[in-house]
Amino acid sequence: MTTVHADHDRAAGMGSRDELIARLTDRAKFVRLETVRLARIAGAGHYSATFSCAEILVTLFYHQMRLRPSEPRWADRDRFVMSKGHAAIGWYPILGDLGYFDPTLLDDFTRLGSPFGDHPDFRKVPGADFSSGSLGHGLSVSVGMGLAARVQGRDFRTYCLLGDGELCEGQVWEAAMSASHHKLGNVVAIVDRNQLCIDGFTDDVMKVEPIDERFAAFGWETHRIDGHDLPSLLDTFAALPPSSHSAPQLIVADTIKGRGVKMMELSLLWHVGNLAGADYDAVIAELEAGLQPLEVTR
Amino acid sequence: MSADAPVRTSADGSQETSEVFRGTADGATKLTDSKSSAGTAAAAIPAFVFGEELADLADHDPRIVVLTADLAKANRAVDFEARHPDRFFNVGIAEKNMITVAAGLAASGHVTYAATFASFCALLGAEQIRTDCAYPRVPVRVVGHHSGMSMGFYGTSHHSLEDIGMMRTIADLTVVCVSDANHLRGVLRASVDHPGAMYIRLGRGRDPQVYDDVPNIVFGRAIRLREGNDVAIITTGSEVHPSLRAADELAARGISTRVVDMHTIKPIDVQEILAAADQCGAVVTVEEANRTGGLGSAVAEVLADHRRAIRFTRHGVPDEHVLIGPPAALYSHYRLDVPGIVDVVTNTLQGD
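Residue numbers (the working numbering), protein chains in the order written: chain A, 1 to 298; chain B, 299 to 650.
The hints are all genuine.
Here are the computed distance ranges between Cβ atoms for each label pair:
| no. | chain 1 | residue 1 | chain 2 | residue 2 | range |
| --- | --- | --- | --- | --- | --- |
| 1 | A | TRP74 | B | ASP384 | 16 to 26 Å |
| 2 | A | TRP74 | B | ILE391 | 33 to 43 Å |
| 3 | A | HIS181 | B | PRO616 | 34 to 44 Å |
| 4 | A | PRO231 | B | GLY453 | 52 to 62 Å |
| 5 | B | ASP368 | A | GLY15 | 50 to 60 Å |
| 6 | B | THR454 | A | GLY170 | 20 to 30 Å |
| 7 | B | ALA573 | A | ARG73 | 36 to 46 Å |
| 8 | B | ASP368 | A | SER246 | 22 to 32 Å |
Non-contacting residues of chain B with respect to chain A, defined by C-beta distances greater than 10 Å in every case (computed):
| no. | residue |
| --- | --- |
| 9 | ASP354 |
| 10 | TYR452 |
| 11 | THR454 |
| 12 | PRO493 |
| 13 | ARG522 |
| 14 | LEU523 |
| 15 | ASP546 |
| 16 | ALA550 |
| 17 | THR590 |
| 18 | HIS604 |
| 19 | ARG609 |
| 20 | ARG612 |
| 21 | PRO616 |
| 22 | GLY623 |
If we take Cβ atoms under 8 Å as the criterion, some of the chain B residues that face chain A in the derived model are:
| no. | residue |
| --- | --- |
| 23 | VAL363 |
| 24 | ALA405 |
| 25 | GLU425 |
| 26 | THR429 |
No wet-lab data here; the hints were simulated from the structure.
All figures in this text were calculated on a predicted structure; none of them were measured in a lab.
The beta-carbon is built from N, C-alpha and C at its ideal position, and this holds for glycine as well.
Could you build all of it, start to finish, from the sequences and the hints given here?
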């Protein structure tokens, strides 16, 4: 049986922090490369909103979360709710890589009858804990899972990844209110603050800031970090209070939409796109070289 | 069927003003010490048994949890809370959150009952029911009470005449209408182990008794309450009781009237509909819902699909936002009371 995932890392000799960061860096590159590959199979894909959360996803799944890939329905596993369901294209490869399913199943990504759609169906994807795609629902799902943990006397956490544009949905704030009211310290919300929604910068389309202060006003304890910085992600997750804590936890991860491909960084053009021909090859080469210093600012 | 049960209203036809209806009854009100203003035993009043029945079921089933959105008194979830406080969650006035939280609980091993006014779960929460309950096939039971136009003069914002039509177009959702207290108990008992998500539609909680005992409910199998060969009334929920009374009057006029409680709207009982068509030759559907898309539409689809060209009337609320008025006056105006049903059936048989 595959053991708890974090333990698996240590057992495999990944104990040193530098080695861990090197491994997560490599897996983040893998997420971006797979996103580009799968989007080509589909003929379209959500590149930039997936690139912005690559470091968040790998830190959760390759280190932070308590998982048993050989036992996807293990009752004490940590839960993950992909509230920004359009980033599933970068999440599926992680689940396949961890052994939840045969990764070659992704070769038919989005083809007729595939288990893998642009938005995830947890009845079809081993390792997924819930379906998503309609923005604004995931935090409510997470509150339900947090309540279930309490009713059942279990200490698992539920991690919920939201987009920043998604915060415009009113149901997010219904959920935020209920999480603190019910003292769900076992719920951890991560906002991928990549600055863009489809029509523009969130600051222009609909202001969502100050995200941390708004959640704090709703009774959450908040943390704000560089969402592409693996040491910050590792440290912030490691410092979370135990799941028995009385306040839900928010991590605002400041990120760059499209991070990793220069032409996509903070660009409105690549929310959904299709790389073809020389563009495809150039992007693969750019991603293979790893993250380069940031040139865009906002 | 208790022959002398009152028909849905007080003598003056005014809006129901009981504590239960108004949602002001406190948690100390028990089955054993309350009667309705009409003298009906509390045990026969749906509003009094919802929380009690779920609490009874939860005594033996740790999966059961109950949620509501600031209506625990109106739907008697307080009776569940009193006995299982650790498995009761009030989310405040946030119905969308309630339904999706229920889905999260259901995805974690629970069978969840999420109850509020039908208009605020089936209509306001329709997308949450579709996307978070039916599509993931999790065992959430969305319980919409005070359905139809039973809220009377509270107005269209509080009515749910569209819910049957809306809910039955959602794949992987079982849709059930409840007609009285015993029926509610039967539906709740059958629902615990039913696979997937359900929408359970309740009346305003004062519905008169139809079933003398708790029926054994099989979802998708209608209950033929009255045999008859001249015409069949296929009805559901709050209209079962007046349909039975109408059948009595029709029988007195020599019209043999079958009455079918089509409690499950989806999946609908095709065989029972075809039997009614073939054995009676005339069918009238009766429902407290918009005629567009409701039970009548569902029955019409079956008749058309199976090429049954018979006398057929869809009786319900016309496609309009209803008048302001107390419930009894509305039922009379829209001919959903006993005399109205008798007239509609008679016209169906006489029509050309």
